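**Q** So you can see what is in the structure, the chains are spelled out below.
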Amino acid sequence: MKLFSDLISAIEITNKTNAKIEALVNYFKIAPDKDKLWLIALFTGKRPSRPVKTTLMREWCMEITKLPEWLFLESYSAVGDLGETMALLLPSPSHKLDLSLHEWMTELKALKPKTDDEKKAFVLEAWSGLDQQERLIFNKLIGGSFRIGVSKKTLVNALARLTNIDANQLMHSIIGNWDVESITFEELIHGNHINYDNSKPYPFCLAYALEKELPDLGEPKDWIVEQKWDGIRGQIVKRNNEIYIWSRGEELVTQQFPELVEAMQNFKDDFVIDGEILALKDNDVLLFNDLQKRLNRKNVTKKLLEDVPIGFYAYDILEYNGDDIRETAFDKRRKRLESLFNAVALPEHIKLSFLVDFTEWETLHEIRNNSRAINSEGLMLKQKKSPYHTGRKKGDWWKWKVDPLTIDAVMIYAQKGSGRRSSKYTDYTFAVKKDDALVTVAKAYSGLTDKEITEISQWVNKNAIEKFGPVRTVKPELVFEIAFEGIALSNRHKSGVALRFPRIARWRKDKPVEEIDTIEAVKALILSC
Amino acid sequence: MSKENQLIKFTKKGIYCPQGKFYLDPWYPVDYAIISHGHADHARWGMKRYLCTDDSKAILQHRLGAAIKIESMPYNKATTINGVEISFHPAGHVIGSAQIRLAYKGYVVVFTGDYKTQPDFITTPYEPVKCNTFITESTFGLPIYNWKSEEALQEDLHSWVKTNQQNNRTSVFLGYSLGKAQRLMSLLEGGDDIYVHRSIHNLNEAISSSGIELPETKLWSADLDKKTLQNEIIIAPPALLGSRMLKRVPNPATAICSGWMQIRGNRRWQAVDAGFAVSDHADWNGLISAVKASEAEQVYVTHGSQAVFSKYLNELGIKADELVTEYGDEALAKAEAETDKATVK
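Quick mapping for you: the protein sequence lines, in order, are chains A and B. Counting from 1, one number per residue, gives the positions in the first sequence under full-length UniProt numbering. Counting from 1, one number per residue, gives the positions in the second sequence under full-length UniProt numbering.
A hint or two may mislead.
To be verified - Think about it this way: if two alpha-carbon atoms lie no more than 20 Å apart in a straight line, the pair counts; the simulated EDC-like pairs of lysine to aspartate or glutamate are:
hint: 1; chain 1: A; residue 1: Lys66; chain 2: B; residue 2: Glu315
hint: 2; chain 1: A; residue 1: Lys96; chain 2: A; residue 2: Asp6
hint: 3; chain 1: A; residue 1: Lys96; chain 2: B; residue 2: Glu155
hint: 4; chain 1: A; residue 1: Lys467; chain 2: B; residue 2: Asp273
hint: 5; chain 1: A; residue 1: Lys393; chain 2: A; residue 2: Glu250
hint: 6; chain 1: A; residue 1: Lys2; chain 2: B; residue 2: Glu155
hint: 7; chain 1: A; residue 1: Lys462; chain 2: B; residue 2: Asp273
hint: 8; chain 1: A; residue 1: Lys401; chain 2: A; residue 2: Glu251
hint: 9; chain 1: B; residue 1: Lys12; chain 2: B; residue 2: Asp273
hint: 10; chain 1: A; residue 1: Lys399; chain 2: A; residue 2: Glu219
hint: 11; chain 1: A; residue 1: Lys281; chain 2: A; residue 2: Asp307
hint: 12; chain 1: B; residue 1: Lys162; chain 2: A; residue 2: Glu251
hint: 13; chain 1: A; residue 1: Lys385; chain 2: A; residue 2: Glu226
hint: 14; chain 1: A; residue 1: Lys467; chain 2: A; residue 2: Glu455
hint: 15; chain 1: A; residue 1: Lys467; chain 2: B; residue 2: Asp329
hint: 16; chain 1: A; residue 1: Lys2; chain 2: B; residue 2: Asp273
hint: 17; chain 1: A; residue 1: Lys96; chain 2: B; residue 2: Asp156
hint: 18; chain 1: A; residue 1: Lys2; chain 2: A; residue 2: Asp98
hint: 19; chain 1: A; residue 1: Lys523; chain 2: A; residue 2: Asp408
hint: 20; chain 1: B; residue 1: Lys334; chain 2: A; residue 2: Asp450
hint: 21; chain 1: A; residue 1: Lys332; chain 2: A; residue 2: Asp270
hint: 22; chain 1: A; residue 1: Lys462; chain 2: B; residue 2: Asp321
hint: 23; chain 1: A; residue 1: Lys451; chain 2: B; residue 2: Glu330
hint: 24; chain 1: A; residue 1: Lys462; chain 2: B; residue 2: Glu326
hint: 25; chain 1: B; residue 1: Lys311; chain 2: A; residue 2: Glu69
hint: 26; chain 1: B; residue 1: Lys148; chain 2: A; residue 2: Asp131
hint: 27; chain 1: A; residue 1: Lys451; chain 2: B; residue 2: Asp329
hint: 28; chain 1: A; residue 1: Lys152; chain 2: A; residue 2: Glu251
hint: 29; chain 1: A; residue 1: Lys462; chain 2: B; residue 2: Glu322
hint: 30; chain 1: B; residue 1: Lys148; chain 2: A; residue 2: Asp6
hint: 31; chain 1: A; residue 1: Lys16; chain 2: B; residue 2: Asp273
Since the hints were derived computationally from the structure, they do not count as laboratory data. Computed from a predicted model, the values in this text were never measured in an experiment.
Model the full structure from these sequences, guided by the hints.
**A** Structural data, given as structure tokens:
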């Protein structure tokens, strides 16, 4: 497993995508065929189901190390990763096992139906025959994710660099139906098992943030204005009765949204359309936080389908019955899209993105300011004559987002992050004043620099109120400006409000805790937006 | 009142011996300070008198100024101050580091400062000392911290350098000027040229002047030809990470050397090319074996994992309490960074 172990070490140490790709390419150049296939399987969610329960592994590890449970848990909260914690706690190896990735995976697959005693014997034998890094990898192969910043896209880019095959085709190939035992690496990357002609997407056309005054755009009649929905951009490809959904990150996400695939069957024509994948309930757009529950799931449960139903608002059409129409003017493409949608009966959750009715630039200000009420991020301005550009191009499309709302709140809890952030306190809970006490309003974990995070972590170490466990209650002293996209009344939250997409705007070192906002002031924001 | 409370007192200025009228590694200016080792969180400015080991003396003078009033004595020799017997015993942490042993009317207190139980190639190895009260650090007081042997580390570092050279890269090791730098020099000795940053170079000269032999190094100065450095080894203090001087190194591969590198998250945090768990502190088993070897009836746990380590000692049946001090990695990192940044070029 040395090759694979070295690859993981090389990837995890760097945060440069290019260095990760380089390490992957080197691995693909020298690793045995089956190992390469397993690597792809592991990083695309095609891993076999977990053969050994985590609780058992924990138990065995405590048994071997003779550590009390509380100390095991303290170690875990310092490391932030269970597989790694066990790898670090176990005693030095007594012998050396040298199996390839493929051999380990084959053994692990065979382990699944065995008894707990047999599993224990196998795991203990492996633990005592592997060094620390290999042991960590072994634990990860059993379950758990590597969290080393290798997305499907990174993997695909490495394969593309290695083979000169189109990255999107490779994406389709590795996502497609295949298994390690019945395909070779060559067959997989050449896509023998798929028909790329049916799935091939177009590059997304992206907009810049509006950087001038509206009247400078020219005549209002030359522009089409839509809401800028806050979901994930998606391209739906329907060709020869096959349906594919691509995300803006050029990942195939078809399986994540069965209700979209089903609804697309209603169409008779072939097409490629661009739009927004949204969480939609009773015709209302839900918060992005809700949509997030549906993203990157291996299995979409029935309950999740009911709790967070998905819908699609169509913005544009790029291909119609085999013809690439991206050079056609946007207003004509929009007409095409409308007639496509009007020709068939569609379920409620598949809609055209509605156009904002306006004749004067002036009126847009108020519409933009109200967009928050319908969970939109603002407005999109598109030049009627614009083609569907490749990538980001200035001038034809503009996004005009609403300004975020902000409050000043104080940090009351801190928790360590995961992956690269597992050594620092990066996840914070914030509170505002409620009478003489504090009430939690938001959790946020982004928006600070590494330097600030380090400084805050040191402060947390010094100012934590309790000393054990993963969450640190801290003295309410550090004040932050929290920005968010929307706010609503909520029964689920103790404060009575739910913030949409809260993040740290800045650390208000200049502000004493006495000057943070009150919950009344926060609630007043609901009325103002 | 127990005897130990008569011999030492924990005050705002530091650990105080009222009978002897001196402090151990105080963090505020006092009249008389006995110093365990030269790191900035233990040996601070502004004491009217210093007492340290012979091997630390030149280091303290170099860092705190030649004008300080300082006396020194060798390891394992005793002196008496106001009736309290004082002796230094090797702590294996950095060159010159000592545990401070105090004895008065048959009662013995040992203050470890910082220590490392595993021997390395350059530091006088740690020696256990029996006592009634043992004041121990706990920087790495969690069972996840267990260090590799010096030989295994040596192999890791050499093979990393070799790989870098194959890829035409210059190996840059980051570690504190005092302790880690000399340790790295001893681990990397015998291969290619080792260049050191000026703050390390100056400290090395001070150490050598007191008769301690160090591995051969060259000064890494800003006016060196780039080609000279290509594929060689550079040792620099961590404060240089991201500095212009480091950016001038041809095709560098950078490694941080610290016990914290044991954890993946820490290795990945700084966005360097490698992290090696080379520590000057005792690992988990080292801490426990030191506490046991002291046979102390009372243990005080200072900087690091005080809460966890003292709880565990109590479960083992060893009476232990936490002790809040101003020592520790964060204080050290800050102070060292200031010193190193002051040494430009």
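**Q** Determine for every hint whether it applies to the structure shown.
**A** Verification of the hints:
1. A/Lys66 - B/Glu315: This hinted pair holds, its Cα atoms lying about 13 Å apart.
2. A/Lys96 - A/Asp6: holds, 16 Å
3. A/Lys96 - B/Glu155: holds, 18 Å
4. A/Lys467 - B/Asp273: violated, 33 Å
5. A/Lys393 - A/Glu250: At roughly 18 Å apart (the allowed maximum being 20 Å), A/Glu250 and A/Lys393 satisfy the hint.
6. A/Lys2 - B/Glu155: Cα-Cα ~16 Å, so holds.
7. A/Lys462 - B/Asp273: At roughly 30 Å apart (the allowed maximum being 20 Å), B/Asp273 and A/Lys462 break the hint.
8. A/Lys401 - A/Glu251: violated, 26 Å
9. B/Lys12 - B/Asp273: Cα-Cα ~41 Å, so violated.
10. A/Lys399 - A/Glu219: Within the cut-off at roughly 17 Å; holds.
11. A/Lys281 - A/Asp307: Distance of about 9 Å is within 20 Å: holds.
12. B/Lys162 - A/Glu251: violated, 39 Å
13. A/Lys385 - A/Glu226: Within the cut-off at roughly 15 Å; holds.
14. A/Lys467 - A/Glu455: It holds: about 19 Å lies between the C-alpha atoms, which stays within 20 Å.
15. A/Lys467 - B/Asp329: Holds - the C-alpha atoms of B/Asp329 and A/Lys467 are around 18 Å apart, at most 20 Å.
16. A/Lys2 - B/Asp273: holds, 19 Å
17. A/Lys96 - B/Asp156: holds, 18 Å
18. A/Lys2 - A/Asp98: Holds - the C-alpha atoms of A/Asp98 and A/Lys2 are around 8 Å apart, at most 20 Å.
19. A/Lys523 - A/Asp408: holds, 13 Å
20. B/Lys334 - A/Asp450: holds, 16 Å
21. A/Lys332 - A/Asp270: holds, 18 Å
22. A/Lys462 - B/Asp321: holds, 18 Å
23. A/Lys451 - B/Glu330: Holds - the C-alpha atoms of B/Glu330 and A/Lys451 are around 14 Å apart, at most 20 Å.
24. A/Lys462 - B/Glu326: Since the Cα atoms of A/Lys462 and B/Glu326 sit roughly 11 Å apart, the hinted pair holds (cutoff 20 Å).
25. B/Lys311 - A/Glu69: holds, 13 Å
26. B/Lys148 - A/Asp131: holds, 11 Å
27. A/Lys451 - B/Asp329: Within the cut-off at roughly 17 Å; holds.
28. A/Lys152 - A/Glu251: Given that 20 Å is the threshold and the Cα spacing comes to 7 Å, the pair holds.
29. A/Lys462 - B/Glu322: Within the cut-off at roughly 14 Å; holds.
30. B/Lys148 - A/Asp6: Since the Cα atoms of B/Lys148 and A/Asp6 sit roughly 18 Å apart, the hinted pair holds (cutoff 20 Å).
31. A/Lys16 - B/Asp273: holds, 10 Å
When the structure is compared with the earlier hints, violations turn up for hints 4, 7, 8, 9, 12 and for no others.
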